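Engineer: Here are the chains, one letter per residue:
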Amino acid sequence: MNGRPADLDARVREAAAAAARSVPGVAFLRPGLSGLLRGRAGRAARGAGAGAVRVRRGGAPGSWEIGVELATLRGHRALDVTRSVRSAVRRAVGEETASAARPAEHVTVTVTVTDIA
Amino acid sequence: MALNEPLDSEELPCGRSLQDVWESWDEGTTGKDPHYASCPHCSAALAELRALGDFVEQSRAAAPEPPGAPDARAVTTRVMDIVRLELRPGRRLPLGEPDEDAWIVEAAAAKTFRAAAESLPGVRAGSCRIEPLGAGSGTSRGPVRVRLAVTAELTWTVPRLADAVRERVARAAREAIGLDVQAIDIEVVDLVDTMDTTDTTDRRTR
Chain Z
1 MNGRPADLDA RVREAAAAAA RSVPGVAFLR PGLSGLLRGR AGRAARGAGA
51 GAVRVRRGGA PGSWEIGVEL ATLRGHRALD VTRSVRSAVR RAVGEETASA
101 ARPAEHVTVT VTVTDIA
Chain S
118 MALNEPLDSE ELPCGRSLQD VWESWDEGTT GKDPHYASCP HCSAALAELR
168 ALGDFVEQSR AAAPEPPGAP DARAVTTRVM DIVRLELRPG RRLPLGEPDE
218 DAWIVEAAAA KTFRAAAESL PGVRAGSCRI EPLGAGSGTS RGPVRVRLAV
268 TAELTWTVPR LADAVRERVA RAAREAIGLD VQAIDIEVVD LVDTMDTTDT
318 TDRRTR
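Listed in order, the protein sequences are those of chains Z and S. With the first letter of the first sequence counted as 1, position 36 gets the number 36 in the numbering used here; the numbers rise by one all the way through. Position in the second sequence counted from 1, then plus 117, gives you the numbering used here.
Rather than coming from a laboratory, the hints here were simulated on the basis of the structure. Just to be clear, a hint being listed does not mean it is correct.
Which chain Z residues stay away from chain S? Per the calculated CB distances, all over 10 Å, these [unchecked claim]:
no., residue
1, Arg56
2, Arg57
3, Ala71
4, Ala78
5, Pro103
6, Thr112
Each pair of labels, with its calculated beta carbon distance range [said to hold, decoys possible]:
no., chain 1, residue 1, chain 2, residue 2, range
7, S, Pro130, Z, Ala6, 22 to 30 Å
8, S, Arg205, Z, Glu105, 35 to 43 Å
9, Z, Arg11, S, Arg205, 29 to 37 Å
10, Z, Pro103, S, Ala154, 38 to 46 Å
11, S, Glu144, Z, Arg56, 42 to 50 Å
12, Z, Ala60, S, Pro215, 35 to 43 Å
13, S, Asp150, Z, Glu105, 34 to 42 Å
Quick caveat, the model's predicted, so the values are computed rather than measured. Glycine included, every Cβ here is placed at the ideal spot set by N, Cα and C.
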């Protein structure tokens with residue numbers, strides 16, 4: 001076993017957030033404005049929106065469940081954006097865990113559009 | 118997480134609501150209330166609001182506004198709209214095919230449908246509810262029904278209005294979102310001589 005499990009979880013979360021943010025049509029990841037204004041959640045939000053990404057290891061070894069909440073931009077069809085995000089996140093999780101003791105084999109990505117900004 | 122937050126989560130730890138804080142800010146009375154100076158939660162909220170106000174001012178300076186540009190009050194209204202959307206997202210509705218795992222919150226879809234209806238001249242949209250067609254099916258994946266209330270100017274007849282709004286909503290569902298809408302119920306609430314446009318400005322600029 002190389003690396004602590006918690007570190008890998010954090011790296012997977014960061015990688016998934018970065019992948020989601022880089023998809024055209026993604027405005028921002030949650031928590032958005034209200035998190036920012038409420039302060040406490042805002043500090044997490046400033047950590048590049050990783051708070052909007054939930055990471056859980058699935059029951060089977062090498063399986064991951066990723067949840068992403070985001071706002072899309074007007075002018076981009078929301079469904080198409082979610083499809084691009086799902087495949088970008090799946091790819092990013094695969095790459096991030098490639099050198100881990102147990103690379104990701106089965107990655108489930110759930111995307112929820114919380115706003116069309 | 119956020120989807121399960123209680124509805125009163127706009128309340129700050131000190132017991133004041135964000136709305137209270139922002140109204141005081143709008144009215145310029147925060148200096149008169151000693152609570153704001155001593156409360157870390159309200160101070161933080163006010164600081165963020167000021168930062169946001171500055172940002173909005175900069176954006177406004179950069180892009181010329183149409184006539185009747187919103188004042189500070191309207192800016193706060195717009196911000197509150199965004200926050201409400203985040204705090205009261207409504208149910209999750211399925212996007213795409215049954216085997217996909219993508220969703221949109223009801224409030225975001227409703228906002229899009231209201232804007233689509235209001236792209237028609239002399240039409241103003243009110244309440245918009247979206248629910249799965251199969252009754253009581255919670256967040257199941259399947260087609261949905263849209264119920265939208267509209268008010269319009271007398272230049273419209275009810276059947277023409279209902280058809281036109283239905284067409285705009287269907288197109289927005291297809292082209293802007295990707296939501297499987299199988300039923301659209303338009304409720305014409307009122308026909309009026311001329312639309313009072315003063316408080317539609319905020320919604321249209323969103």
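Engineer: Look at each hint and say if it fits the structure.
Structural biologist: Status of each hint after checking the structure:
No beta-carbon of chain S comes within 10 Å of the beta-carbon of Arg56(Z); the shortest separation is about 12 Å. The claim that Arg57(Z) is not at the interface with chain S holds, since no C-beta of that chain comes within 10 Å of its own (minimum 17 Å). Its closest Cβ contact with chain S, about 8 Å, brings Ala71(Z) to no more than 10 Å, contrary to its assignment away from the interface. A beta-carbon of chain S is positioned within 10 Å of the beta-carbon of Ala78(Z); the least distance is around 5 Å.
No Cβ of chain S approaches the Cβ of Pro103(Z) within 10 Å, the least distance being about 22 Å, so the stated non-interface status holds. A beta-carbon of chain S comes within 10 Å of the beta-carbon of Thr112(Z); the shortest separation is about 4 Å. Restraint check, Pro130(S) to Ala6(Z): a C-beta distance of roughly 28 Å satisfies the suggested window 22 to 30 Å. Between Arg205(S) and Glu105(Z) the beta carbon distance is about 38 Å. The supplied range of 35 to 43 Å therefore holds.
With their beta carbons about 34 Å apart, Arg11(Z) and Arg205(S) fall inside the hinted range of 29 to 37 Å. In this structure the supplied range 38 to 46 Å is violated for Pro103(Z) paired with Ala154(S), their Cβ-Cβ distance being about 55 Å. Distance hint check: the CB atoms of Glu144(S) and Arg56(Z) are about 46 Å apart, consistent with the given range 42 to 50 Å. In this structure, Ala60(Z) and Pro215(S) break the distance hint of 35 to 43 Å, their C-beta atoms being roughly 24 Å apart.
Distance hint check: the CB atoms of Asp150(S) and Glu105(Z) are about 58 Å apart, inconsistent with the given range 34 to 42 Å.
Going down the numbered hints, you'll see the structure goes against 3, 4, 6, 10, 12, 13, while the others check out.
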